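As given, the protein sequences belong to chains X and V, one line each in that order. For the first sequence, our numbering assigns the number 467 to the last residue and increments by one with no breaks. For the second sequence, our numbering assigns the number 934 to the last residue and increments by one with no breaks.
Don't read these hints as lab results, they were simulated from the structure. If you're wondering where the values come from, they're calculated on a predicted model, not measured in any experiment. Be careful, since some hints might not be right.
Said to hold, decoys possible - A short, non-exhaustive set of chain X residues, derived as facing chain V with CB atoms under 8 Å:
#: 1; residue: Arg184
#: 2; residue: Leu292
#: 3; residue: Thr299
#: 4; residue: Gln351
#: 5; residue: Trp397
Unchecked claim - Using C-beta positions, here's what the derived DEER-type ranges look like:
#: 6; chain 1: X; residue 1: Glu117; chain 2: V; residue 2: Val857; range: 53 to 63 Å
#: 7; chain 1: V; residue 1: Phe790; chain 2: X; residue 2: Ser305; range: 30 to 40 Å
#: 8; chain 1: X; residue 1: Tyr371; chain 2: V; residue 2: Asp513; range: 24 to 34 Å
#: 9; chain 1: X; residue 1: Thr366; chain 2: V; residue 2: Glu742; range: 13 to 23 Å
#: 10; chain 1: X; residue 1: Gly96; chain 2: V; residue 2: Ser869; range: 56 to 66 Å
C-beta atoms are modelled at their ideal positions from N, C-alpha and C, and glycine is treated no differently.
There are 2 protein chains.
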Amino acid sequence: MAKNETDQNMTSEVDDIVEDEIGIEVLVGDAMADGDPETVLRIIDDLHYADVADLLERLSREERGQFIDVVRDQFDPEVLAELDDTVRDEVVGHLGVREVASALSELDSDDAVEVLEEMDEAQQRAVLDHIPDEERTLIEESLSYPDDSAGRLMQREIVTVPSHWNVGQCIDFVRRIAEEDEGRLPSVFYDIFAIDARHHPAGSIALSKLMSARRQVPVTEIMDEDMHEIDVYTDQEDVAFLFRQRDLVSAPVVDRNGRLVGAITIDDVVDVIHEEHEEDIMRMGGVIEDDLYEAAISTTRARFSWLSVNLLTAILASVVIGFFDATIEQIVALAVLMPIVASMGGNAGTQSLTVTVRALATKELTGSNAYRVISKEVIVGCFNGVIFAVLSGLVAWVWFESVELGAVIAAAMVINMIVAGFSGAAIPIVLDRMGIDPAIASTVVLTTMTDVIGFFAFLSLAALVLI
Amino acid sequence: MAKNETDQNMTSEVDDIVEDEIGIEVLVGDAMADGDPETVLRIIDDLHYADVADLLERLSREERGQFIDVVRDQFDPEVLAELDDTVRDEVVGHLGVREVASALSELDSDDAVEVLEEMDEAQQRAVLDHIPDEERTLIEESLSYPDDSAGRLMQREIVTVPSHWNVGQCIDFVRRIAEEDEGRLPSVFYDIFAIDARHHPAGSIALSKLMSARRQVPVTEIMDEDMHEIDVYTDQEDVAFLFRQRDLVSAPVVDRNGRLVGAITIDDVVDVIHEEHEEDIMRMGGVIEDDLYEAAISTTRARFSWLSVNLLTAILASVVIGFFDATIEQIVALAVLMPIVASMGGNAGTQSLTVTVRALATKELTGSNAYRVISKEVIVGCFNGVIFAVLSGLVAWVWFESVELGAVIAAAMVINMIVAGFSGAAIPIVLDRMGIDPAIASTVVLTTMTDVIGFFAFLSLAALVLI
Numbered sequence: 001m002a003k004n005e006t007d008q009n010m011t012s013e014v015d016d017i018v019e020d021e022i023g024i025e026v027l028v029g030d031a032m033a034d035g036d037p038e039t040v041l042r043i044i045d046d047l048h049y050a051d052v053a054d055l056l057e058r059l060s061r062e063e064r065g066q067f068i069d070v071v072r073d074q075f076d077p078e079v080l081a082e083l084d085d086t087v088r089d090e091v092v093g094h095l096g097v098r099e100v101a102s103a104l105s106e107l108d109s110d111d112a113v114e115v116l117e118e119m120d121e122a123q124q125r126a127v128l129d130h131i132p133d134e135e136r137t138l139i140e141e142s143l144s145y146p147d148d149s150a151g152r153l154m155q156r157e158i159v160t161v162p163s164h165w166n167v168g169q170c171i172d173f174v175r176r177i178a179e180e181d182e183g184r185l186p187s188v189f190y191d192i193f194a195i196d197a198r199h200h201p202a203g204s205i206a207l208s209k210l211m212s213a214r215r216q217v218p219v220t221e222i223m224d225e226d227m228h229e230i231d232v233y234t235d236q237e238d239v240a241f242l243f244r245q246r247d248l249v250s251a252p253v254v255d256r257n258g259r260l261v262g263a264i265t266i267d268d269v270v271d272v273i274h275e276e277h278e279e280d281i282m283r284m285g286g287v288i289e290d291d292l293y294e295a296a297i298s299t300t301r302a303r304f305s306w307l308s309v310n311l312l313t314a315i316l317a318s319v320v321i322g323f324f325d326a327t328i329e330q331i332v333a334l335a336v337l338m339p340i341v342a343s344m345g346g347n348a349g350t351q352s353l354t355v356t357v358r359a360l361a362t363k364e365l366t367g368s369n370a371y372r373v374i375s376k377e378v379i380v381g382c383f384n385g386v387i388f389a390v391l392s393g394l395v396a397w398v399w400f401e402s403v404e405l406g407a408v409i410a411a412a413m414v415i416n417m418i419v420a421g422f423s424g425a426a427i428p429i430v431l432d433r434m435g436i437d438p439a440i441a442s443t444v445v446l447t448t449m450t451d452v453i454g455f456f457a458f459l460s461l462a463a464l465v466l467i
Numbered sequence: 468m469a470k471n472e473t474d475q476n477m478t479s480e481v482d483d484i485v486e487d488e489i490g491i492e493v494l495v496g497d498a499m500a501d502g503d504p505e506t507v508l509r510i511i512d513d514l515h516y517a518d519v520a521d522l523l524e525r526l527s528r529e530e531r532g533q534f535i536d537v538v539r540d541q542f543d544p545e546v547l548a549e550l551d552d553t554v555r556d557e558v559v560g561h562l563g564v565r566e567v568a569s570a571l572s573e574l575d576s577d578d579a580v581e582v583l584e585e586m587d588e589a590q591q592r593a594v595l596d597h598i599p600d601e602e603r604t605l606i607e608e609s610l611s612y613p614d615d616s617a618g619r620l621m622q623r624e625i626v627t628v629p630s631h632w633n634v635g636q637c638i639d640f641v642r643r644i645a646e647e648d649e650g651r652l653p654s655v656f657y658d659i660f661a662i663d664a665r666h667h668p669a670g671s672i673a674l675s676k677l678m679s680a681r682r683q684v685p686v687t688e689i690m691d692e693d694m695h696e697i698d699v700y701t702d703q704e705d706v707a708f709l710f711r712q713r714d715l716v717s718a719p720v721v722d723r724n725g726r727l728v729g730a731i732t733i734d735d736v737v738d739v740i741h742e743e744h745e746e747d748i749m750r751m752g753g754v755i756e757d758d759l760y761e762a763a764i765s766t767t768r769a770r771f772s773w774l775s776v777n778l779l780t781a782i783l784a785s786v787v788i789g790f791f792d793a794t795i796e797q798i799v800a801l802a803v804l805m806p807i808v809a810s811m812g813g814n815a816g817t818q819s820l821t822v823t824v825r826a827l828a829t830k831e832l833t834g835s836n837a838y839r840v841i842s843k844e845v846i847v848g849c850f851n852g853v854i855f856a857v858l859s860g861l862v863a864w865v866w867f868e869s870v871e872l873g874a875v876i877a878a879a880m881v882i883n884m885i886v887a888g889f890s891g892a893a894i895p896i897v898l899d900r901m902g903i904d905p906a907i908a909s910t911v912v913l914t915t916m917t918d919v920i921g922f923f924a925f926l927s928l929a930a931l932v933l934i
């Protein structure tokens with residue numbers, strides 16, 4: 001890889017990365033349009049594999065095909081692991097089974113698994129058949145674990161030493177493997193693991209500790225016995241929580257018999273953290289899955305279900321309004337003002353909901369403080385309810401020159417804001433207890449609640465007081 | 468630290484962590500109520516510092532004070548760095564200046580800075596005055612860099628070696644520091660840095676590479692020259708992007724003269740990733756900052772500003788409805804149906820907005836694909852617009868027995884869904900170009916748009932066609 005030429009006159013390297021790519025994408029597109037593969041190869045020669053992946057994602061469908069044909073012989077296997085699923089699917093199709101298999105053989109097993117698990121079964125089988133036996137066995141074992149489990153996330157290449165060794169023996173051992181068979185070492189590692197006779201992990205040894213100790217020190221003296229073994233079936237979300245909670249960089253993975261089978265490293269966990277966050281954000285916005293690179297038609301289909309749920313709840317709110325059509329006919333100002341009450345409730349509720357959903361996701365909210373969180377949100381709802389009752393009451397009074405109308409909207413506002421605070425906190429907690437993902441279902445339940453209560457409180461009070 | 472006793476009968480370790488804490492919180496609360504400090508100390512003796520921090524967060528205000536008094540003499544400094552800001556403020560107040568200063572002296576400089584930067588100036592000064600000179604100078608230097616910069620994030624304790632050394636010299640050097648003055652080593656490290664005569668970084672040397680090479684190999688042979696130096700003024704968000712993009716575990720930080728001043732490690736970056744995600748989620752939900760541990764009154768104040776912006780936009784929508792009061796008076800069904808159009812637009816727009824805001828945050832959306840993203844969202848808006856036009860048109864037709872009313876709502880629905888798709892993608896992109904955080908401002912602009920257009924399209928078409 002070429003040394004960054006802007007080194008002396010350093011601006012933010014990140015801006016360079018992003019700006020370079022904008023330029024590069026255009027350059028690559030132009031070069032391909034001109035039928036000039038040499039230029040394309042020269043450009044990508046300097047790029048980090050993650051940047052090649054980004055470049056591929058930004059190219060159009062047709063350009064991607066041309067690009068693959070040009071770089072086929074020099075395709076960096078690492079690029080595959082970095083691609084978005086939709087784009088990777090296309091790239092894999094273009095590369096062909098043989099090329100993909102040989103690319104995957106060069107990757108660490110966890111990266112190979114990441115690519116393979118997204119393929120359909122036939123394609124996965126075809127690719128696996130072209131991967132050398134030894135590597136394939138490791139990959140197939142990982143694939144036998146459930147989706148999103150620690151078994152899928154771990155790499156099989158780890159360094160293990162008997163727990164009765166000393167520091168010098170460990171260092172010599174690592175040097176010998178590095179010389180004899182580098183493929184057995186992970187591409188980077190931060191710990192090695194001491195195991196007992198039954199292949200159970202006895203402790204993890206941070207390389208910085210190994211470095212700092214004299215050769216004759218026994219590993220038992222510098223190893224960390226409290227090393228957070230992860231069961232191979234643990235969900236990746238729990239793995240991420242553990243890493244963050246304990247500031248881990250790597251952790252051993254054990255099978256059901258307690259035998260050490262692999263290790264999970266922080267770089268994979270960072271990806272999991274991103275995935276989980278993405279899921280949360282997307283679901284709260286009513287999107288099932290990030291669909292940035294999907295075609296318009298499949299995006300339409302994916303978003304349809306959420307919108308149709310929303311149509312039903314909107315009709316429900318309309319039915320509530322329908323009860324009061326006679327009242328609205330007499331006082332049309334009610335139709336003008338009613339969205340204010342519903343909308344303020346929806347927004348205040350969304351605030352409570354956001355804080356609560358997030359606290360559930362980070363496990364800051366558990367059984368023991370749920371009551372405290374809900375009551376706080378109710379109190380905040382009261383406070384803001386009173387403030388906005390006064391404000392909206394004044395607006396209604398001045399606008400329609402009716403104190404009574406002002407009083408009605410004020411009363412409805414207080415009611416709806418309290419309901420919003422309560423529901424915003426309680427709905428996600430209840431959904432979570434019921435085993436339903438609070439991020440995906442809370443919003444729709446909440447807005448139904450605040451719309452229905454908002455319209456009903458306002459219109460029924462009006463019917464009582466004003467007519 | 469005690470070895471986990473559930474080792475043999477291993478369930479998910481994470482469940483253990485969370486469940487333990489629920490139990491522990493109650494146990495600790497009870498023990499304090501009984502005036503039994505020994506039990507409290509015995510319980511927390513087995514806990515990881517991150518769990519002690521969680522425990523503190525879950526205790527009530529009064530219990531926190533009692534707890535600090537009990538553990539004062541055995542207070543683990545690492546706990547401070549793990550606490551939520553609001554809770555930490557309280558704990559720091561309880562501990563007192565001297566205890567806090569002595570705790571901070573024991574932490575790596577980056578963790579000490581994290582605690583200090585949240586204090587007000589007088590308190591910061593007071594604590595700094597009690598920290599030993601050498602450590603204080605390092606901390607003060609870090610604090611002189613802007614908030615959220617790489618300079619605040621980096622740790623000053625790094626291992627540097629001249630680039631003309633060989634592997635054996637490096638290992639001996641690390642061993643010597645470890646024996647003579649362990650405080651000069653970071654508590655864990657993954658790389659050491661080779662520097663030239665001007666103290667500029669020449670390359671980073673992964674410990675796993677150092678381990679695997681023979682003693683006589685020169686470091687220039689195993690060091691990575693393309694090591695992504697980070698300018699000390701780089702924003703932490705860009706640092707996080709760089710780490711994720713390049714799968715980094717640590718990176719050197721250089722000052723404006725290119726001299727190596729520190730290193731950033733992945734554990735700090737994971738915290739930044741969480742912070743940034745939290746900010747995005749909170750802002751999209753109309754919450755300025757996570758306020759889970761804030762008192763109700765300050766939460767009310769913080770959320771008030773967002774709600775008052777929302778009140779203004781809701782009034783704007785009401786004004787639009789007000790233009791058509793005569794029409795509504797004649798056909799009250801319009802008041803019943805109008806929220807459907809507005810709400811569907813709002814939800815479809817939020818879907819587009821969520822995907823776009825997220826793509827901007829992950830830098831997947833840049834100048835070159837903005838146009839493609841917007842046009843795709845418009846097409847999706849068209850498709851879903853037509854589908855929901857038919858559905859809502861049928862509902863209106865059947866409900867109010869009027870084909871014309873059905874046609875009006877259908878037409879308004881198509882218009883509003885297209886506007887929603889366009890605005891959902893375009894608003895965040897435009898805000899981002901203007902240097903405004905798209906996560907915070909997009910939602911309010913979008914819902915104003917879809918409300919106003921939704922009501923206006925529906926009511927004005929009704930006024931034209933039906934009257």
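Hints and how they fare:
Using the Cβ-Cβ criterion of 8 Å, the hint placing arginine 184/X at the interface with chain V is not satisfied: the shortest such distance is roughly 11 Å. For leucine 292/X, the interface hint holds, since its Cβ comes within 8 Å of a Cβ in chain V; the closest pair sits about 5 Å apart. At about 5 Å, the closest approach between the beta carbon of threonine 299/X and any beta carbon in chain V falls short of 8 Å, and the interface hint on this residue holds. For the restraint placing glutamine 351/X at the interface with chain V, the shortest Cβ-Cβ distance is roughly 5 Å, inside the 8 Å limit, so the hint holds.
Because the closest C-beta pair between tryptophan 397/X and chain V is about 13 Å apart, greater than 8 Å, the hint is violated. With their beta carbons about 39 Å apart, glutamate 117/X and valine 857/V fall outside the hinted range of 53 to 63 Å. The hinted range of 30 to 40 Å is satisfied by phenylalanine 790/V and serine 305/X, whose Cβ atoms lie roughly 35 Å apart. Between tyrosine 371/X and aspartate 513/V the beta carbons are some 27 Å apart, a value that agrees with the proposed interval 24 to 34 Å.
Between threonine 366/X and glutamate 742/V, the C-beta spacing of about 22 Å keeps the proposed range 13 to 23 Å intact. Between glycine 96/X and serine 869/V the C-beta distance comes to about 59 Å, which sits within the given range of 56 to 66 Å.
In this structure, the earlier hints numbered 1, 5, 6 are contradicted, and the remaining ones agree with it.
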